[in-house]
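Build the complex: two chains, separate frames, hints provided.
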Amino acid sequence: MKFGVVVFPGSNCDYDSYRAVKDSLNQQVEFIWHGDEDTSGFDAIILPGGFSYGDYLRAGAIASFSRIIASVKKFAENGGFVMGICNGFQVLTESGLLPGTLMLNTNLRFICRDIYLRTENDSTAFSSELSGGEVIRLPVAHNQGNYFCSDDVYHRLNDYGGIIFRYCTPGGKTTEDANPNGSRDSIAGIMNERGNVMGMMPHPERYVEDLLGGTDGIKIFGSLVNANTGRADN
Amino acid sequence: MEIKEGPEVTLELALEHGLTEEEYERVKQILGRNPNYTELGIYSVMWSEHCSYKNSIKLLKTLPRSGGKLLVGAGEENAGAVDLGDGLAVVFKIESHNHPSAIEPYQGAATGVGGILRDVFTMGARPVASLDSLRFGPLKKGRVRYLLDGVVRGIGGYGNCFGVPAVGGEIYFEESYTGNPLVNAMAVGIVKTDKMASAVAKEAGSPVLVVGSSTGRDGIHGATFASEELSEESEAKRPAVQIGDPFTEKLLLEATLEIIDEDLIVGIQDMGAAGIICSSSEMSAKGNSGMELQLAHVPMREEGMIPYEILLSESQERMLVVAKKDKVGRIQEIFEKWGLHSKIIGKVIDEDRLYIRMGDKLYADVPPESLVLGGGAPVYTRETKKPKYLEKLNKSQPRVKEPEDYNKTLLKLISAPNICSRRWVYEQYDYQVRTNTVVIPGGSAAVLRIRKSDKAIALATDCNGRYVYLDPFVGAQMAVAEAARNVSCTGALPVAVTNCLNFGNPYDPEVYWYFSEVIRGMRKACLSFDTPVTGGNVSFYNESKESAVYPTPVIGMLGIVKELKNITTSYFKDKGDLIVLAGELSNEIGASEYIRTIHGQIRGPLPPFDIRMEKRVQRFARRAINAELVKSAHDISDGGLAVTLVESCINRPDGPIGCEVDIVDRRRFDKLIFSEAPSRIVITCHPDDIEEIERMALKNSVPVQIIGAVGGAKVEMNDYISMTANRLRKAYEEALPWLMEKRK
Chain A
1 MKFGVVVFPG
11 SNCDYDSYRA
21 VKDSLNQQVE
31 FIWHGDEDTS
41 GFDAIILPGG
51 FSYGDYLRAG
61 AIASFSRIIA
71 SVKKFAENGG
81 FVMGICNGFQ
91 VLTESGLLPG
101 TLMLNTNLRF
111 ICRDIYLRTE
121 NDSTAFSSEL
131 SGGEVIRLPV
141 AHNQGNYFCS
151 DDVYHRLNDY
161 GGIIFRYCTP
171 GGKTTEDANP
181 NGSRDSIAGI
191 MNERGNVMGM
201 MPHPERYVED
211 LLGGTDGIKI
221 FGSLVNANTG
231 RADN
Chain B
1 MEIKEGPEVT
11 LELALEHGLT
21 EEEYERVKQI
31 LGRNPNYTEL
41 GIYSVMWSEH
51 CSYKNSIKLL
61 KTLPRSGGKL
71 LVGAGEENAG
81 AVDLGDGLAV
91 VFKIESHNHP
101 SAIEPYQGAA
111 TGVGGILRDV
121 FTMGARPVAS
131 LDSLRFGPLK
141 KGRVRYLLDG
151 VVRGIGGYGN
161 CFGVPAVGGE
171 IYFEESYTGN
181 PLVNAMAVGI
191 VKTDKMASAV
201 AKEAGSPVLV
211 VGSSTGRDGI
221 HGATFASEEL
231 SEESEAKRPA
241 VQIGDPFTEK
251 LLLEATLEII
261 DEDLIVGIQD
271 MGAAGIICSS
281 SEMSAKGNSG
291 MELQLAHVPM
301 REEGMIPYEI
311 LLSESQERML
321 VVAKKDKVGR
331 IQEIFEKWGL
341 HSKIIGKVID
351 EDRLYIRMGD
361 KLYADVPPES
371 LVLGGGAPVY
381 TRETKKPKYL
391 EKLNKSQPRV
401 KEPEDYNKTL
411 LKLISAPNIC
421 SRRWVYEQYD
431 YQVRTNTVVI
441 PGGSAAVLRI
451 RKSDKAIALA
461 TDCNGRYVYL
471 DPFVGAQMAV
481 AEAARNVSCT
491 GALPVAVTNC
501 LNFGNPYDPE
511 VYWYFSEVIR
521 GMRKACLSFD
531 TPVTGGNVSF
541 YNESKESAVY
551 PTPVIGMLGI
561 VKELKNITTS
571 YFKDKGDLIV
581 LAGELSNEIG
591 ASEYIRTIHG
601 QIRGPLPPFD
611 IRMEKRVQRF
621 ARRAINAELV
631 KSAHDISDGG
641 LAVTLVESCI
651 NRPDGPIGCE
661 VDIVDRRRFD
671 KLIFSEAPSR
681 IVITCHPDDI
691 EEIERMALKN
701 SVPVQIIGAV
711 GGAKVEMNDY
721 ISMTANRLRK
731 AYEEALPWLM
741 EKRK
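Listed in order, the protein sequences are those of chains A and B. So the first sequence is residues 1 to 234, counted in the numbering used here. So the second sequence is residues 1 to 744, counted in the numbering used here.
Same shape as in the complex, but just chain B (with noise of 0.2 Å):
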């Protein structure tokens, strides 16, 4: 078969290729030629926004990035990786799948979650959990239904075959979704501390294989495409959508996991973006060392295929190894195990300088160190700009009209898509495969139990873009506090942080003021609880033709039980019990679901928020439930204290339960319970625990006041509120599917 070699480069061809004019002639000057065509390629995927962080990663370098528990900070590997103590870590990392999805949404969020597991196993660490954040426009649209039937379906269909429990996550609706859905995956994984890999090139000599799945043309210039915005042209990108399969991701993290047990290898990295050429350079850079690669020995699945499209395909389910020279027989018996290729495609040399052949032609001579981010991949500041609009939406309080029927409005807020249950989408993702999860979902965060240990993890995720959009710095402040109260609402230590910043085009100084307000606010906020950032991912250009979506900078939160035992849910318990709140009362409902479901206002100002007050409230919680007087524990968030209350009432497993509550405050009672005011915590307890829980307020200076008792089959709230719980509970859980299935 001939090869075809490509055509002639041009500055018009590197311009179609997404290159700048300058960087193309930054290419030129660290080649000191012009690239071939092969070359161009490895430039524009290597250069891209998606691959280089070139746009972001001056600002993302001002966050926390190391300290506390971490054992390895953001950027360093694959994936972060926290101290657990008895010689295991946790691994996690989060990561957008925004493009393909909105072209592709089953292939699209299957992949997304397939990567993102590859990122955790590729340390060495087993996935024991898998969280979802999504994000798209209104249901009334048929588009937006097919977009969401087929991400969960894409998610469940990988998760589900691959093992590994869906435990948590979130969705919201919100019209600036519309064209350009939001799928973030996060994966987390356990791995003893003296088994993590790395990767990593080095020791000249050490074999280079390509393991997993063969190559094909599916997924070349992923990186590129998810670095523009969408378009109606974007459709006819459907094969730069990858196409999964994780059936061979189940034995390729078999296998990866053995041969990184049995220490046969020096380095090892996923092909995610970029490919073959992402794995090589990235690697190569990281030991300070290169490669000598022949494409010829890559096992390929189409016939004829070209060094350009084999270096970028993003072909799914493949791993770059550096093995230990002695070691390749055993790695390959390995593979061969579990019906996996092995192939050895080149070795690692001690010269800055990939040489890439096919057959007995060089098709590329590049410096990798002049390929990647941190290297000589371009870094830009791009221009900032506050937009005019924000003054206007958050300058006064919003004035709405109080309900005349409270109950009707309670029953429209709860079957809002917004905060209606998520039964219909988490049905449908196996969440306690490997049985681990000690808390399923549904409620604030998910628990997951350390085997052989008395410990566990808690997770979530959380950002309400509606917030950033109307105060970037403390919306992202308030995202970060919202996913760390979510898991101290179980007893958890908030310890570190995975983001996952979804924007539009950073070239936009709009967009790029927003992105650097909340870069700024999360600085604030991670700083103050003490939780690094330990990786995730930028994903610019959230763009359709109608709009950007709303700047969603998506918190990933590991936290840590000390003690499995004290763990503590969101529903409540029993009858008689106090139902005591854990902050202030607020009539602040700027920002909120209510009025923006109820009234149809979209506008600020955000309630006030208190960083000081948010960590004391979250530690009173910590304290009360390790202490073992807190029967629940539900963070206030979309919908205020009265979503809280009936979230708490209709989720208890054994059948919902009612509440009387009775607030004594003269402010008018809609605010009051549809505040989406920060740093609150509704908690639970027997009436015998009432003292030692204010005594333990007082100490930690938080505000705590009893606003009623669980029990009876209603719902009560001053003489406002009047429903059976099982009413609520119906309307609570048919919403999804019914705006899902029957509507039609």
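Bound-form chain A, shown alone (with noise of 0.2 Å):
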């Protein structure tokens, strides 16, 4: 499988997710500089963390107007995998990807530290080496996290099963004290309808090894990987 990493100027997390697709998952991995638009060969495109051309203005605003997202426009509506991590979760929901909004964490301050995520739906291309209400640890590093949307938003999300991960106690209760930025209804990763394309604020791409605190995240690229050779096979 094929992987594409966006490099954006202040994408800081670009490196981290290369590593990570490499080393951990033994995946073919490469950068996609912004001003580029060749989408082709590629099989998942990463938009990783940082602070897209410094997230003046609003996090993820003006990436969201760059060459190549309208590329990865393109690639999504071919059914091409998409996965927003962190600053590229709000580039996601800042160009229509995905629904909703990431405001500014509710301390307003920015947070560094592991979190708890409960899989709320475990058949998505995202999830499928989790189980249904498996609780994985991953950490988050944010200023502007605190997922929001319209009821009308939150109810399709809710039919579709778009709601993928939910922040929660080391025991999977949602709890305020379990939310660390104020999302509503402790959101923590979606994915669209269609179920190609998938934000996140926790960065799996950091616990892909023992050394550095956990390896919850495998699961999620793995899922990714498995969902690609299923795509091969059929």
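Derived by calculation from the structure, the hints in this document are not laboratory data. As the structure is a prediction and not an experimental result, all values here were calculated from the model. Be aware that a few hints might be false.
[What the hints assert, rightly or not] The calculated lysine-lysine pairs, modelled on DSSO-like cross-linking and capped at a C-alpha distance of 27 Å, are:
(1) B:K562 x A:K22
(2) B:K452 x A:K2
(3) A:K73 x A:K22
(4) A:K173 x B:K730
This is the structure we're talking about:
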């Protein structure tokens, strides 16, 4: 499987995503420059964390007008897998590839810490390696991760199983304390209705080695590899 | 637009610029004429304390500044470099940004981080970690909370966006820092030894480029501002504080590393204090050359800037590049790709001269050698005088009442601002970006892996200013020792030091006595540990109208881990593990946090410090760790043995665990558990390994004793202390958030 990692000016988890896919998943991976348009040959595109274009204006807002995002939209229309992590998730909501928006954390501070996630839908291309209700631990590191959406969007997300992860306690309960940023109904990661575009605030690429604190991130990337294999088999 | 040429230069104007009468005479002598307004500005910033180190360099040169694994010694380049083996080097340095942070905490701290990162990547090294050593007044003051909040936001705002993990540091709160906080930022980078860049201008005819941001009027005379005491007028100097743009810095990083990697340059230096004039004169002096510069070509963000302003501007995120003659096109292509300016503004010449023009008019004609540290900049030795109060403060052991309720005393101590959890701070920093952080903040030292190797680096900053205030010679040694001990507790060998020396006004003989004693102590300790000083920064004039700060020589220590798999962390691991004290029990409580927080006394004497014992204890700990006998190692410092034990219990990521400690010693129990005597480490091991540990300790002439075992829900010490680890954890964790956010 071949991954592409988009490099915006100001991306700073691009390298981490690249290494995670290459070293821990043993998959092919290449960087894609934000000014490029060509997405051919890739099976999945990762929009990495960081501060694209300095996150000036609003997080992800300027990046959503970049050349590569126009191509990523076409790539997604054609069924390609797109995964936005942290700033990448912000870019996806800003560009309309995912519904809702990410507001400032309720404590108005940057938050870097380990959090727990409950798997809400285990039959997606991004979570098939997990089981329903399974709790995983990943780090968050963001200023604007407070997911918000209208009631309509919220119900639609629920209807098609679009909510993949919710913040929870280590025991799997969604509580106010376990929700680091004030997200609506503890939402941490969502996907589009077609099931090929996903965004999440926590960083799976950071926990792919025991040495660095955990390996739960592998399950998310691994799900994608499986989904791609499934596609090829069909 | 008409160019204003500035007022006529007189002695009075020179004095206003911060030059002394003698220095002004010297300028006239060097030039053989009166300087014009632009030249006066040039000499005043270049000869400011901040750029010239005129009152410190003589003593700094007595520190061990080379040898060991040093590839680049102190003062040779923008930062020191240490050989890591495998063709890699670690580049690291610490620097202060105290005065800007006192006036405008967010931007002051942010640009402090930005400045030190540039010092590292201008050498071709990619920054892999940063640390922040902070000092503030007591948090009961609203202004202090505002400063801490702003500084933490500034550090996070800059570093998080740039993408460097903030992995460690320390914070102290003492009265003396109330008007003048200390904000010292350290950056660490990794470079291939054959790709290290130099801050040199040579090879006549080589084009000189200014790259990165455009130049504005921000930060003019920042260096001069840093070289005077803070006063009520300082608030009006807010415009002397620079504005940071971490996004541009990130782009500058990538572009800079690309031009160095492709071997397109002769030399490069970042622009920090004193902007273009500082980099152009220092690079020229280093290469025994000069430059012709045309300021009209400098990209400017404001109209009508005069040469004086362009030369002295401290606009951030800029570099001066001396290009290889035929490589300018490729350099400009790379900067274009990253959306940054890169403009030729002149060329290197084979003459000790800076000719600075704007349009066709010559604005400055000065010898670069005369401007710089190590060249013509003044060098002074100042008067010293030992303060009288010290004798009284150190005369006898402090007398304090034994606590009636030890549980209450311990709770109060672990929730004291100098001891409680720093989580509120470090969770505002991205400490994991770039995925190398193996040991996160909260322990003794941070550990970062080096990709594609078995090695790792360990990093810590330390300095207890109260110790140094009470006894600068020993206090400075103890600062080096503690930093080394923290690094040793991970299993790493301490190899080199960067220092940030924060003091008051050097013209005050008592301040200067402290400074000279600190240098003497640091020299002794660094020689003894074989950890040369690779550079750093001196920050004088840290005074507000109340008082000078505690003399605070912050030590940034680099340690090298040979086998990453052998490192250890500071928290207890498993039930049944034995708790072993390496080093002696002590009942010396002078200078301790215990007598300060519980009994309201700030006084000595410092506990005795034997540097040979310190080295033996550290060596023993490293050997035991690398023999895989040790499950946790945590040094004893602020708050003494009791706090070390509590931290080891509650900082366990899988949830707190208790311990049962029984100390067999008839001296007073409060003194035994709260003494901050140095040269001590608490380690734990599996019971099967205790004999081997005892044997190893004997061989290294280190006293060890089993003082208890890990396990249970409670922290118990003799018959005096019994509380659940959870209760202690709550007190430890909630203290700082409560002080910062809830108490208002």
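Could you work out which earlier hints the structure fails to respect and list their numbers in ascending sequence?
-> Those not satisfied: there are none.
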